[in-house]
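Chemist: Sequence:
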Amino acid sequence: MSTIHINWQPDKTASTPIYQQITNYFQHAIASGDWPVGTKLPAQRKLAEQFGVNRSTLITALDELIAVGLITSTPGSGMTVSGNHWSSLLAEHVNWSQYVKAGQFKPNPHAIQKINQFETDAVIRLSTGEPAPDQFPRALFQKAFDHLGRSLTSLNYSEPAGILALREQIARHLVKVGIHTKPENILITAGSVQALQLVAVSLFPKGATIYTEAPTYVKSLQVFQSAQTHLAGIPMDNQGMAYWQITPPTDESHAIMYTIPTFNNPTGIVMSAERRQQVLKYAQEHRIPILEDAAYQDVWFDQQPPQPLKASDDSGNVIYFGSISKSLAPGLRLGWTVASQPVIDRLTDVRMQTDYGASSLSQLVLAEILADPEYDTYQAHFRDVLAKKAAAAEAILHHYWDDIATWQTPTGGFYLWVRLADRINVQKLFDLATAQNVLFNPGSIYDFQPNQYIRLSFSYESTERFEQGIKILTQLINENF
1 MSTIHINWQP DKTASTPIYQ QITNYFQHAI ASGDWPVGTK LPAQRKLAEQ FGVNRSTLIT
61 ALDELIAVGL ITSTPGSGMT VSGNHWSSLL AEHVNWSQYV KAGQFKPNPH AIQKINQFET
121 DAVIRLSTGE PAPDQFPRAL FQKAFDHLGR SLTSLNYSEP AGILALREQI ARHLVKVGIH
181 TKPENILITA GSVQALQLVA VSLFPKGATI YTEAPTYVKS LQVFQSAQTH LAGIPMDNQG
241 MAYWQITPPT DESHAIMYTI PTFNNPTGIV MSAERRQQVL KYAQEHRIPI LEDAAYQDVW
301 FDQQPPQPLK ASDDSGNVIY FGSISKSLAP GLRLGWTVAS QPVIDRLTDV RMQTDYGASS
361 LSQLVLAEIL ADPEYDTYQA HFRDVLAKKA AAAEAILHHY WDDIATWQTP TGGFYLWVRL
421 ADRINVQKLF DLATAQNVLF NPGSIYDFQP NQYIRLSFSY ESTERFEQGI KILTQLINEN
481 F
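Residue numbers (the UniProt record's numbering): 1 to 481.
No lab work stands behind these hints, which were simulated from the structure alone.
Using C-beta positions, here's what the derived DEER-type ranges look like:
{"id": "1", "residue 1": "Arg55", "residue 2": "Ile4", "range": "15 to 21 angstroms"}
{"id": "2", "residue 1": "His5", "residue 2": "Met352", "range": "54 to 60 angstroms"}
{"id": "3", "residue 1": "Asp384", "residue 2": "Glu168", "range": "26 to 32 angstroms"}
Please read all numbers here as calculations on a predicted model, not as lab measurements.
Every residue, glycine too, gets a C-beta built ideally from N, C-alpha and C.
Hey, can you work out the whole structure from these sequences and the hints?
Modeler: Printed below as a string of structure tokens:
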């Protein structure tokens with residue numbers, strides 16, 4: 001990778017703004033081929049000195065160049081030329097940086113963007129909340145594909161709420177956890193995140209308060225914040241959300257409760273059966289709707305968790321989100337929402353304005369798999385393998401980290417929620433680790449304030465790769481903290 005040398009400075013007497021002169025200079029150098037793709041740029045501090053400008057002016061120019069794809073900035077690796085002649089010409093006519101900052105969606109925090117960018121096979125992914133590739137049930141899928149291959153007659157758009165055969169199978173599947181519902185009360189979505197987005201844009205009044213556990217998965221998303229709502233973190237104890245610490249909404253305000261009662265992400269806490277009844281009663285008394293995220297409902301080890309809140313919901317107060325991403329295959333991109341008929345009708349109408357429904361092929365495949373008696377056998381084996389990986393991961397942490405970390409033994413889910421010693425700077429460790437191709441999730445992305453936690457996934461990598469990653473982290477901790 002080549003490095004450039006710059007012998008140019010902007011004209012501070014010209015009418016053209018200095019940042020625009022810098023942008024134009026970069027565009028010309030890249031478009032002319034003087035700076036080929038892959039060329040490494042000097043550090044921001046050095047560039048500012050060479051141009052004789054302050055850092056804020058330089059950053060304004062760099063942001064615009066990044067927005068149009070001319071350069072790429074990678075934390076820990078610096079900036080490189082990534083654009084071509086087309087994007088250079090485009091940049092001369094459109095100030096895309098103004099547009100990319102103007103959209104409704106808020107950008108992900110730096111750590112989330114870095115995690116999304118670095119989750120590749122070249123990295124030890126102690127961050128990834130997915131089933132391991134070697135747990136993929138090929139026989140189940142092959143059987144489903146074989147049957148569909150003989151019976152498939154079209155792949156047109158599905159019914160607005162999702163293919164009826166799949167909604168019927170999901171209704172049957174939910175009976176196992178105590179939820180008795182009908183297909184017309186189920187909406188098929190492209191995973192739980194789309195369900196959250198649909199609810200946020202369809203049902204939330206602007207300025208509504210979302211009460212949620214602290215920490216929680218949804219804090220790492222911007223979907224609620226982008227809908228101009230306010231997240232309010234509620235502490236947890238070992239039985240789940242401390243609902244009594246909620247400030248009840250006034251008659252003029254709007255509030256919603258979001259909870260992951262079963263294997264909370266990231267902590268792994270399971271809300272007790274008694275607490276579930278208390279939370280449900282509190283929400284009903286204060287007329288607070290509940291969004292129940294049950295992504296990990298089926299991912300338990302030795303003991304099945306208490307029934308979902310939705311199972312005891314007699315008044316239609318709970319909107320229930322389920323997903324196949326954690327227990328079967330995230331690549332199917334399928335989830336489901338269970339709610340009262342008016343809610344499903346509203347969500348379905350908005351959904352048809354966005355993407356006309358989830359993949360028909362994925363829906364048909366999942367309907368076949370859920371109808372297969374072997375699915376329950378697969379699930380039992382899946383949980384057994386995951387439990388063994390969790391025990392092995394915990395043993396590895398005991399071997400390397402007993403003197404620098406604490407955690408609770410997981411009873412399900414994918415994660416170890418680990419508190420590191422105060423002397424360890426978690427953000428610095430995160431940056432050092434990504435430079436060594438090891439990725440974990442800092443706890444601060446899930447919380448409402450900085451903390452000393454990290455989330456380690458034992459589900460995706462093999463036990464051997466998990467230990468390799470922990471060895472690298474241990475070495476980084478010993479060398480830097």
